[in-house]
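Residue-level listing of the chains:
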Amino acid sequence: MRALRLIVLAGVLVLALSAVVREATASPQLGTSTSCAAYGTTNACRSKTVQNVSSSTWNAGVRSYTTNPVTNIGVIGWSWWTVREWCSGVITYEDARGPSVLTNTNTHQNSFNYTKHSCSLTRTGYSMGNHDFHQSGYTHIYPYKEYSEVLW
Amino acid sequence: MKLRTTARASVLFLVVSVALSIGAAANGTSHEDGVSSGPLAPSVDPTGGPSSVAKSADEIRSFIAAWTEPLLNQSGWLHIREEIRQEGLALGLLPDGRPIPANYILDAWCLTGEDGLVTEAVVEMYDLDGERVQASVFAGHEWTNVTFQITFPGEAWRPSLDHGMSESIANRADGRISGFARSQSSQSGRPIVETSTFEAFTEAIRLEGYALDVEQITNRAVFDAHSHGLGSFETTYRSEDGLEKTVAGVLVLAVERVDEPPDAILSLLREVSQ
Chain A
74 MRALRLIVLA
84 GVLVLALSAV
94 VREATASPQL
104 GTSTSCAAYG
114 TTNACRSKTV
124 QNVSSSTWNA
134 GVRSYTTNPV
144 TNIGVIGWSW
154 WTVREWCSGV
164 ITYEDARGPS
174 VLTNTNTHQN
184 SFNYTKHSCS
194 LTRTGYSMGN
204 HDFHQSGYTH
214 IYPYKEYSEV
224 LW
Chain B
5 MKLRTTARAS
15 VLFLVVSVAL
25 SIGAAANGTS
35 HEDGVSSGPL
45 APSVDPTGGP
55 SSVAKSADEI
65 RSFIAAWTEP
75 LLNQSGWLHI
85 REEIRQEGLA
95 LGLLPDGRPI
105 PANYILDAWC
115 LTGEDGLVTE
125 AVVEMYDLDG
135 ERVQASVFAG
145 HEWTNVTFQI
155 TFPGEAWRPS
165 LDHGMSESIA
175 NRADGRISGF
185 ARSQSSQSGR
195 PIVETSTFEA
205 FTEAIRLEGY
215 ALDVEQITNR
225 AVFDAHSHGL
235 GSFETTYRSE
245 DGLEKTVAGV
255 LVLAVERVDE
265 PPDAILSLLR
275 EVSQ
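Protein chains in written order, with this note's numbering: chain A, 74 to 225; chain B, 5 to 278.
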């Protein structure tokens, strides 16, 4: 009886641990592209998202953050961010936004919902722009990042 | 004792996980009944149960496919011309600083294979005075907007001649729409079939470029009952205060197979392809 109990416990533990491992190695979030690069004492990460929400709506986002280790830096955000909708290579919508930064923190992000404009051909949503990182004692950097998805 | 505590926690974790999985599965099953997930509110088809919803969806898709499939699934040139009118939507600016026109003509010449996929295309946007606003070329898995000299990658694609109506209904279980409807009537003495899809949001949603929060979006397509061809397509927003506004209307001017596009279109295609 005791041996059986131990086998059950071991099985439960293996299952629980495998769930934790899956969490740690989970694939990137759909509709998101992230790039990280060493910057100062941390890593500066730039991320853009484009996601289909429903048949007539979509969402675009931007995120700047530090990781490994998560570090508060002097300036974090983006210097420009543009969301664009293409209908077969012609521009049907554009939302151009200026700079947005936070100070002495480790993450800045934003996202908005958009309508899908009329298109009987093929639609593509773009989220693009330069991120903005500045850590005291290091060069101010403005890395570019873009991401696109076909909008159904 | 510590091991027992860990084991109890693991068992609890598993029980909660299983319970959540069952909940998710239950939600998934309910999709088949026309109930959507995500930001859309659940909707129940008043006409009957799951089988009648599925049957109704199949009927609409078959009706539309009888028009689109013969048009799309052949090699050669497809010409699409539509007039788009929009109201109440802020559309932003083109790269040259001019506003993106709310009302325009979209003229597209697409070279398709027998699978209906477009491998080459020239697409032009004209304002209603006939001035070309922008043009693009698709060739070699790449889009080139020749007006603004912007290039980006693209895959061979299939035109959505019904503006996504059939696709939305087919994928309703993914939460693309929360319901759909079909009715028959006549317009200017001609029998028509109207098909609508609804996206009802659980909470009114803010859409950039529109002044009011939107609680429901309705897309309505009008097809000719005999030819099954799409005549018009419109999008209506219902805002929180119950106000309904048609924000976009499309008038289909031409969807036709042609031997060859005009010389100017072929020249533009050649110019970009080289």
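Just so you know, the hints here were simulated from the structure itself, not pulled from any lab data. Treat each hint with caution, since some may be false.
As the list claims (entries may be wrong) - Partial selection, computed: residues in chain B whose CB lies under 10 Å from chain A:
1. Trp71
2. Ser79
3. Trp81
4. His83
5. Leu98
6. Ile104
7. Leu115
8. Gln138
9. Glu159
10. Ile221
11. Phe237
12. Val256
To be verified - Simulated restraints, written as ranges between beta carbons of each label pair:
13. B/Pro74 <-> A/Ile214: 54 to 62 Å
14. B/Ala215 <-> A/Asn145: 57 to 65 Å
15. B/Asp62 <-> A/Tyr215: 50 to 58 Å
Nothing here was measured: the structure is a model prediction, and the numbers come from that model. C-beta atoms are modelled at their ideal positions from N, C-alpha and C, and glycine is treated no differently.
Checklist entry - Is the shortest C-beta separation between isoleucine 221 of chain B and chain A less than 10 Å? => result 5 Å, holds
Item to check | Outcome of range test on Cβ distance (aspartate 62 of chain B, tyrosine 215 of chain A; 50 to 58 Å) | outcome: 53 Å, holds
Next on the checklist: Quick check on the hint: valine 256 of chain B CB to chain A CB, less than 10 Å?
Outcome noted: Interface hint status for valine 256 of chain B: holds (8 Å vs cutoff 10 Å).
Checklist entry - Close enough to count: is the Cβ of glutamine 138 of chain B nearer than 10 Å to one in chain A? => result Holds, about 5 Å.
Item to check | chain A contact restraint on leucine 98 of chain B - CB to CB distance below 10 Å | outcome: 6 Å, holds
Checklist entry - Does isoleucine 104 of chain B pass the interface check with chain A, least Cβ-Cβ distance below 10 Å? => result 6 Å, holds
Checklist entry - Any CB of chain A closer than 10 Å to the CB of glutamate 159 of chain B? => result 8 Å, holds
Item to check | Per-residue hint verdict: phenylalanine 237 of chain B, partner chain A, C-beta under 10 Å | outcome: 7 Å, holds
Item to check | Hint check: 10 Å Cβ-Cβ cutoff, tryptophan 71 of chain B to chain A | outcome: With Cβ-Cβ at 13 Å, over 10 Å, it is violated.
Item to check | Supplied contact hint for histidine 83 of chain B, tested at 10 Å Cβ to chain A | outcome: Status violated, d = 12 Å.
Item to check | Supplied distance hint 57 to 65 Å, evaluated on CB atoms of alanine 215 of chain B and asparagine 145 of chain A | outcome: 38 Å, violated
Checklist entry - Taking 10 Å as the limit, does the beta-carbon of serine 79 of chain B come near enough to a beta-carbon in chain A? => result 18 Å, violated
The structure fails hints 1, 2, 3, 4, 7 and 14 (numbered hints given earlier, in ascending order).
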